[in-house]
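Asks: If you want the building blocks of each chain, they are given just below.
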Amino acid sequence: GAGVSQSPSNKVTEKGKDVELRCDPISGHTALYWYRQSLGQGLEFLIYFQGNSAPDKSGLPSDRFSAERTGGSVSTLTIQRTQQEDSAVYLCASRLQGTGYTFGSGTRLTVV
Amino acid sequence: KNEVEQSPQNLTAQEGEFITINCSYSVGISALHWLQQHPGGGIVSLFMLSSGKKKHGRLIATINIQEKHSSLHITASHPRDSAVYICAVSWGAQKLVFGQGTRLTINP
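In the order they appear, the protein sequences are chains A and B.
If you read the first sequence in the numbering used here, its first letter stands for residue 1, the second for the next number, and so on.
If you read the second sequence in the numbering used here, its first letter stands for residue 1, the second for the next number, and so on.
Everything labelled a hint here was simulated from the structure, so no lab data went into it.
Keep in mind the model is a prediction, meaning the values are calculated, not measured.
Mixed in with the good hints there might be a few duds.
[Stated by the list, open to error] Computed, partial: chain A to chain B, Cβ under 8 Å:
hint, residue
1, 33
2, 39
3, 42
4, 48
5, 55
6, 56
7, 59
8, 60
9, 61
10, 65
11, 100
12, 101
13, 102
14, 103
15, 105
Quick reminder that beta carbons are idealized off the backbone N, C-alpha and C, glycines included.
When you get a sec, could you build the whole thing from the sequences and use the hints?
Replies: Quick look at the structure:
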């Protein structure tokens with residue numbers, strides 16, 4: 001596609017439920033990143049995929065968070081047993097080596 | 001201490017004014033990025049810099065590698081420039097580390 005597509009754009013879930021957030025990067029972009037922006041906070045790194053290399057998971061805040069990238073394209077971020085502090089905008093970005101980032105519009109997650 | 005510091009945190013100016021936003025970082029980097037985020041909107045990449053200066057329309061970005069400092073300038077500012085401007089640094093293809101952002105408001 002022309003841009004990075006994220007779905008859903010908004011998600012309201014009950015505390016304790018699992019959620020899946022999807023990211024469709026730009027075709028051919030080898031690097032894919034997940035970031036999180038909490039209300040009133042800055043952006044924080046979650047996880048990074050580069051080609052077939054093992055992902056950099058160093059930003060995942062707890063073992064309730066996981067992500068996968070299938071076939072080097074679509075990525076899914078899964079949050080298990082959601083907590084209220086997980087409420088944030090989850091942003092996906094992709095890039096080609098040596099170029100700038102293209103961000104998706106984000107998924108606004110609200111845990112009630 | 002955040003590895004990336006921006007100043008000012010908030011900036012209000014009148015239409016037409018020359019705007020400067022500053023960014024300092026603490027360790028050597030491979031690239032510095034300037035991003036723009038409109039209220040309720042997504043994030044747009046404005047510049048990626050590793051040295052020197054880049055210009056795009058009314059926006060100019062400079063970087064001084066020795067001083068670990070970058071500036072984003074907006075000439076002839078306009079209300080549509082009102083947004084949060086975010087400085088971020090990266091090492092190779094690794095993750096971005098972000099500044100806290102500068103909220104810019106341009107009044108007509």
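Asks: Each of the hints needs a verdict: does it hold here or not?
Replies: How the hints compare with the structure:
1. 33: holds (6 Å)
2. 39: violated (13 Å)
3. 42: holds (5 Å)
4. 48: holds (5 Å)
5. 55: violated (11 Å)
6. 56: holds (7 Å)
7. 59: holds (7 Å)
8. 60: Status violated, d = 12 Å.
9. 61: It is violated, given that the least Cβ distance between residue 61(A) and chain B is near 14 Å, above 8 Å.
10. 65: violated (15 Å)
11. 100: Holds: closest Cβ of chain B sits about 4 Å from residue 100(A), inside 8 Å.
12. 101: Where the cut-off is 8 Å and the nearest Cβ of chain B is about 5 Å from residue 101(A), the hint holds.
13. 102: Nearest chain B Cβ about 7 Å off; hint holds.
14. 103: holds (4 Å)
15. 105: holds (4 Å)
Checked against the numbered hints above, the structure breaks hints 2, 5, 8, 9, 10 and satisfies the rest.
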